[in-house]
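Engineer: With chain A fixed as given, assemble chain B with the ligand onto it according to the hints.
What follows is the residue order along each chain.
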Amino acid sequence: MDFLRPSTLAEALAVKAERPDAVPIAGGTDVMVELNFDHRRPAALLDLTRIEELRTWTPGLRIGAGVPYVRIIDELGAQLPGLAMASRTVGSPQIRNRGTVGGNLGAASPAGDTHPVLIASDAVIEVASVRGTRMIPVDDFYTGVKRNALEPDELIVAIHLPPAPGPQQFAKIGTRNAMVIAVCSFAISLHPNEKRVGAAVGSAAPTPRRARDAEDFLSAALTWEAPKPLLDSVKREFGELVSQAASPIDDVRGSAAYRRHALAVMARRTLGWAWQEYLEGEQACA
Amino acid sequence: MTLTPAELTSAVSGGIGTSPQRPDGNLKVRGEFAYASDLWHEDMIWGATLRSPHPYARIKSIDITEALKIPGVYAVLTHEDVPGRNLYGLEHKDQPVLAVDIVRYQGEPIALVGADHPETANRAVKRIKVEFEVLTPVTDMETAADDTPLHPGGNLVRHVHIRRGDQNAEAEVVITGRYEVGMQDQAFLGPESGLALPAEDGGVDLYIATQWLHVDRAQTAAALGLPEEKVRLTLSGVGGAFGGREDLSMQVHACMLALHTGKPTKMVYNREESFYGHVHRHPAVLYYEHGADHTGKLVYVKARIYLDGGAYASSTPAVVANAATLGVGPYEADNVTIDCYGVYTNNPPCGAMRGFGAVQAGFAYESQMDKLAEALNMSPVDVRIRNAMTEGSLMPTGQKVDSAAPVAQLLKLVQDKPMPPPAVNDLRHMPGGVSNTTHGEGVVRGVGYAVGIKNICFSEGYDDYSTARVRLQMVGGELTAMVHTAACEVGQGLVTIMQQIVRTELGVERVTVLPMDTSIGNGGSTSASRQTYVTGGAVKAACAAVRAKLGDRTDIGDEVIDETVEWRHRATEPLDPETGQGNAHVQYGFAAHRAVVDVDTELGLVKVVQLDCAQDVGKALNPQAVVGQIQGGSAQGLGLAVMEEIQTADGKVRNPSFTDYLIPTVLDMPPMNIDVLELADPHAPYGIRGVGEPPTISSTPAIVAAIRAATGLALTRVPVRPEHLTNT
Ligand SMILES: Cc1cc2nc3c(=O)[nH]c(=O)nc-3n(C[C@H](O)[C@H](O)[C@H](O)COP(=O)(O)OP(=O)(O)OC[C@H]3O[C@@H](n4cnc5c(N)ncnc54)[C@H](O)[C@@H]3O)c2cc1C
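Here the protein sequences come in this chain order: A and B. Just so it is clear: in the first sequence, position 238 is 238 by the working numbering, and no numbers are missing. Just so it is clear: in the second sequence, position 613 is 613 by the working numbering, and no numbers are missing.
Calculated directly from the structure, the hints in this document are not laboratory data. Some hints here could point you the wrong way.
[Stated by the list, open to error] Short, incomplete list of chain A residues facing chain B, as computed with Cβ under 7 Å:
id, residue
1, Ala178
2, Tyr258
3, Arg269
Using N, Cα and C, we set each Cβ at its ideal position, and we do this for glycine too.
Same shape as in the complex, but just chain B:
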C-alpha cells in the first residue's frame, strides 16, 4: 500500500490517518456482538408476516378467523389495521405496508401475526386464508413499459435521456454489444430485525437495524398516523447492509403490532424471508454502441439501458440517473446519447445496492472497451488510457470533473503489480478446489483489466446533509468528548472514524460515541459512500464550533461545551429533463482492477488467482478500514462476476437460501495487492473521497475480461456460469 504521509498530525494518538482498533471487532469475531436479532424485552411478543406466494394476483378475501383461534396469538392484522397512510417508499409512495386488493411480487406482505412465541406466530400465519385470483405477471424489463400497467401511470418509473454533442457523429470503428446483469443480493449476514416498544405517550420506540433512521421514521410515522416525534428510533446492532436496509422491511409491521397489543414486539426474518424482505440490485439489459477513430479515441457513445425495478419503485429513479450519467464510464466522449429506463415488473423489488446503477453500466462499458481494444489490436489498458478522463474532463452531463481523476494512473498501478506465479499443483489453488475436478487439465490463465467511476453522496439537487453534536466536559480531570449523530454504523467503521476526527480536531483522547438515534437531527443515509464525507464533515464542523468556545484551554472546570451542527456538502443540480445536462453529482470516485484467473475451460470452472486494485481515496482517514472496504467491495464484485444471482422464473425466486445463492468463500477470494492513492479533493473535508462503492464496480468487469482472455468467449452476461463457458 502506498500512502502519502499524513499531512495532519494529531496531538493525541488514534486520530485521523491512523487505524485504531474498532470497538466492535473483537466482539464480532468472538460472536459476542449484540445484533438486532439478539434484542430481547421482558414480556415481548413475536411478529410474523404472511407473504404472497404469487408474483401478481388479486386478493379476493382474507380470513383471519382460524389464525386468531390459536392460543398465544395476540393479534392478526391486515391492511385494515394500518392506522395511517398505507403507502410508503423512498422516492415514490407506491408500496403498501400491507397489501390491499392486489399483490405485485412474490413475498409481498399481506398480514401480520403477533404471538407469544415465534413458532406460534408462524403457525398462525399458516392459518390465515387468502383467496387469490392469480394474474399473469409482467417479467420482461424490455417490454414492461408497454405491458399491463401495474401501477397507476404505467410501468415506466423513470427515463433519463442524455443528449450531448453531435447526435449524428460517425466513426471509423463501431463496436456494438448487448449485455445482461443478473439480480444480485446484498446478502448481509444479519437478517432484518427489530424490537418495537409501545410508549406511554401513545408513541413507539423502535430498536432497529437500518441504514437511515430518519427516513425510516418519516415513513413509519406516516404509516402509523403518528407525529414524527412520537416515533423514536434507535439503531441496533447491524449485520451488514450494502443498500438492502435503505427501504423499510419490518419497521412499520413491528410498530403496528406493538401499538395494537400494547406489548413489546420483536420481529426477525429468517434467511429465506430475508431474501423476500429486502430489495435487490436491479438486473439490467444494456445495449451499447461505441464509435472510435483508428487510434482508439472515442468519437461517440450510445447506450440504451433497461433496469428492472420490480414491483415497487424504491430507489429506482436514482439508480436510473446513476446508470445514465455514469454510463460512459471514466472516459472522455464528446458525443453521447443515452436512454436509461427504470421499469416496474412483477419481479422482486430492486433498489439500493453498493454501486447503485454504476455497477450495471460498468459491466457493459468495460466490456465494450475490451471489444474496442480487440478490434483495434490495442492492449486493453492502452485503449482505456487513450480515453481516460482527467481532472477537468467533462461528464456526459456536461459537468466538469473538478478534482483528481487519476484514471490512467490507477490503470498503470494495477498493470505494474507483480503477476502471480504460474498455477501450482495444489488442489486448493485450482478451479474447483478440493472438489478435485482438475489437476491442471483444461486450465488456462487469463488477465483482465477494468476501471470504474462512481458518484459519491446524494445527487440531483437532493438536500444532502448530516447533523452532529459534540459535547466537551471534564471527566476525572480530563477533557472528554462525546459525539452524537443519527448516522448509522452498519459495520463500515463510522464509530471509529468519528472518534478519530474528534481526537484530531480537539486533541482529546477520550471520545465516547452515543447510540445513534432520532433524538438528534438527520444523519442521512449510510449509502452512496457518503458517511465519512458528510457525517465526518458534520463532526468536523461541530468540533470547530466547540473549538471556538474552548480556545486554548485544557481545563474547563464545570463548563460543558455542547455544539450541534448541520453540515451540507456543496449543492448539486437536477438534470435537465430534455438533455440530461447538469452539475448533478458532488464528487466522483475511481478504482481500477486487474484480475488474474485460471479457467478450467472444459468444465467452465473459474478460480480467481489474484485481484489487484488501485483506488484514489483522497485521504485515508483510517487506512486499515479503507483497505477493508476495497477488499470487501472487490469480493462483492467477484461474486457478481462468477456466482451471485437471485434466479427468477415467472417472477418467482428460485434460490432464496444460502444453499443456492452462493457468495464467495475464503477459497474463492484471492489475495489482493492494493494501492491507495491520496489525491485530496479540495471540496471535501480532509480531501476525502468516498471509498465503499468504487471497488465493487471495476472488480466484476476485470474478472470477466480475464475469463474472456482465457477462453476467447464473448461472455455478455454476469454472473458467468459454467454453462456459458462450456456452451451447455
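Next comes chain A alone, as it looks inside the complex:
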C-alpha cells in the first residue's frame, strides 16, 4: 500500500486525478477502523493532514474539510452552535481530536452526526478536482447509504455555511450516555430573516434527510414578527411531520417504531428550546 503525503491541495488533486483509487485519509477515525478490520484494502492512502488549506477556517464561513471537531467546538461554537453541538456528541475526546467534518461527509454514513445540522443550516460542500471546483448544495450531496456525490478524482475541500442566523439545536439518541452511534438524531435551525426553518433527521433513513413538510409547516406556523410562546399543537404537529419524514428500519440499535417516536419527541423539544431562545433574544432587543 502506498502512503501519499501531498503538502498542497493542488498536489493532492493531481495525485487524486492520477490515482482515483487512492483513499483520502483525514483524521482516519473511519478509514483506520476499516483497514484494521480488513474491510477495505486500498492500493494507496492519500494523507490530507499536511494540507494547510484543509485545516483552516475563514470568516463567512468556509471551514476546511480537515478541521477537527475539537476546534469546531472550541473556535466556532458561538457562530455555529448547531454544528458544535453535533460535534460535541461525536465519539470520545480522542475521536474529536482527530475526526473531521470532511471525514464525516466522506464516509456519508446515515448515522454521521454532522449531517442533519449541515442540512438544516443549508451548507454547501465545496469539492475540487484538477478539472475545477464544484459547489454542491448539501441536499444533493448524499446519494445513498454511505454514498455521496463525489467523483473519483474529487476531494472535499470545504464546508460553507453562514454563521447561525438564529437559534440552532441538535439532539441525538444513543443507548448510553456517551460514545455512541446515533440511534437517530435531529437538527433544527431557525432562519428568522427569511422566516424559515431548517430541519433534518439522521440515522432514520438510508441517507440523512431534510424534513421538508415539517419545515414548511413550521415556517408558516411560527409568529416571527411578534413572537409568542409556542402552542403545544404546533410542536406536536411539527414532531409528527418530522417523524413522517423518516423511513427508519429495525436494527440492533433500535426499532423503527422507537426511532419514529424519538424523532417526534426530539423535534418538539429542540423546537421548544430554539423558540425560547428566539423569544428571549427578541425580548432583549425590544
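Structural biologist: Frame of chain A; chain B with the ligand shown alone:
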C-alpha cells in the same frame, strides 16, 4: 467506607489490611503492561481460525488446496490433524477442537492456518472451501429439550430440582412473574491470545492469558495426545477475564500449529473474533411464583428456570446448580419448589461469567420481591428485611448458613446513605448526556433496592484446592521470600494479596511472586470469587510451614526454607438428585445496592445517578482492591441492567463489536457510596469472604427497580431498552 480496625497487625508494612500499590497499576495506566497479545518470538508464525458462518450445518467437505498455495502459509489444519482426543470441555467433553462433520454454532472453529504474517494467515483462511448443508437451528431454550437433538443424549444438559418443605403450601398473597435475562458478554479488554513454542522433548510450552492453567493443560494435553508433563503453561499478561477465559479458546489450536510446523506460533483474536471465541453469560427465562402471608412473610417460592447453554455444555451444569440453589435469594422460605434446566441450543455457547447463575436468578427473585412489596403496600426494603436470612437460616438445599449473613444490615446501610441532590441542569448529568435530548423534560427520578447472594468457591463436592510454595532465603543480608502458585492473576490483584499475606505471616518485607505456571501444582480457577480464599489460604498455610522451620530466627545463613502446601477449603456435598438437598456450598457472600436513576420517560433513556453498595467481605485483606471489585462488579451489573446484550437472531450474533455491544462509560457509571462490612467467617482464612461476584448480582435488579419506580412499568427483561420504556 466503614472498616473495623484490622485485628492482625503486621510486623512490616504492606501486610494484610493495607492497600499497597499493585505492581501492574502504573504500567497498565501508561499502556506499558505486556499483555498476551504483546508476546513475540523470533521466527514465530501466526495462526488464524476458519469459523463457521452457520449456527447449525453439516460439513460436506473441506478443501484446503487453495489455502496451502498461498506463499507464506506453513500449515492448514483440520480435525484430521488433531493428534489426540478431538473433544474437550470443562464438565462434559462435548466440544470438538476442530469441527468434524457438523457445526453447532456460528463461529465454531473448523480449520487453522499458520502463516508468516497475520494477514497472510487471514487470506489463507478465506481460501479454504467448506461445503455446508445448512440445517435449521434450535434457538428456543424453553422448547430445546424436546427439539432436534444436537448431541447424543438430547438437549437437556442438566435439570436440578429442589423440593423442600410442603409442596402444596398455600398463601394469602400470590405473586407470579416471567422474567428474561439477555446474553451478557464478559467484554474483557484484552482479547484471547497466546504463544506456543514447540519444545525439544516433543512437548510444547504455551504462554497464555487464561483463568485456570491446570485445566487448560489437562484439556490441551488430551487433545494433543501428549502426557501432561509435556504441555507446560505459563500465564501471560491477562486483560480481564470475568469467566470468559475458563474455557479453552486458542490453546490447543496454537499448540497444534506449533507442533505441526516446528515453529513458535502466536494467535491473537481481534475484537469481533473474540465475541465468537469465548462463552457468554447464559440468557435465561425464569418463571416465579411467590406466596406470602399478609405481613409479607414468604410462605413458599416456586420457580422454573431455563438457562440457554448454547451449543456446548461448558460450565452449564454448575451454572444450573447455582441458579437453582440460590434461586430464592438471601431470604428464608420453608417451602421451596425449583426446577432449573440448562439446555443445548445452536446459540453461542454460554458458560462462566461473574455471578454465574446467581445473576439470572437474582434479577427474577428481586423483581418478585418488589412486586410483593407493591401488592402488600410495603416498602421494598421492609419486605426484604421481613424475609432476610440471618446466620443459622436454612438454604433451599437444607444447608445451614453457618457464618454471618447480614442481609438486613446491608439493606439498612444502603437505605441510610444520603440521597443525591436533585437533577441539575447540566447535560452531562442528564439522561442522554451531551447528546442533548432533554433539559429536564420528561425526567423522573426513581429509587430501587436489591440484595443478592452468591456461593463462594467451588461447590457440590468438587475437590477444590490450591497449591502454594513459599521459599525463604537471605538476600543481601535480609530475609527474602518468594511465592509460587499456578493461580492466575487476571487483574483482580492476586499478586499483591499473596505478597501481603507473606509479609504478615513471615514478617518479611521483600516478597517476590514468581510467574504463574504449571511447574507447580494446581491453583484452581480464578473464578467463583475464590482465589483470595483458596490460594490465599494455601499461601498462608505454606507460610505456616515455613514459619515452623524458621522459628524466631531472622538470619538463616545459607539455609533455604522451601515449603509447598496443598490447601483445601472444607468439603462440600453433591445435591441429592431427587430433592436437591445437601451441603453443597462452602460459603455465601452478600451485597445490597440502592440505585437512584433519572429516567427520561418520554425517550426511554436512563441515567443512573447514584449507585450505593454495602457488602460483607469478612475481612478486607486489601481494602482498596475490595472497593475496586465492588465498583467493577456494580458497573457490570449496570451494564446488564441498561445496555449490555449480545443480540442473536436465528442463532447468529448481530452485534459482535464494541460499536454495538455497549458497555458503560465513565458518563454512565455514577459515583458510589460503599460500605464494607468485615464480619469474619470462622471457617475461612483470616475470616475472608469472596468479594468479586456479589456486587454484580444486586446491582442489576436495584437499577431496574429504580427505573420501575420512575416509570411505573413492569419491566421483566434486562437489559431494559428504550423501546421497553416507550412501548415502541
Ligand atoms: C470510536 C469511534 C467513535 C465514533 N463516534 C462517532 C459518532 O459519535 N458520530 C459520528 O458521526 N461518527 C463517529 N465516528 C466515525 C468518525 O469518527 C466520523 O465519521 C469522523 O467524522 C470521520 O472523520 P475523519 O477525519 O477521521 O475521517 P477519515 O477516517 O479520515 O475519512 C472518512 C472517510 O472520508 C473520506 N475523506 C476524508 N476526508 C476527505 C476529503 N477531504 N475528501 C474526500 N474524502 C475524504 C475518507 O476517504 C473516508 O472514506 C466514530 C468513530 C470511532 C472510531
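Engineer: Please verify that hint: A/Arg269, Cβ, nearest Cβ of chain B, below 7 Å or not.
Structural biologist: Holds, because the Cβ-Cβ distance from A/Arg269 to chain B comes to roughly 6 Å (cut-off 7 Å).
Engineer: Under 7 Å, Cβ to Cβ, is where A/Ala178 needs to be relative to chain B, so tell me if that hint holds or is violated.
Structural biologist: holds, 4 Å
Engineer: Can we keep the A/Tyr258 interface hint, with Cβ of chain B closer than 7 Å?
Structural biologist: holds, 4 Å
In this structure, every one of the numbered hints holds.
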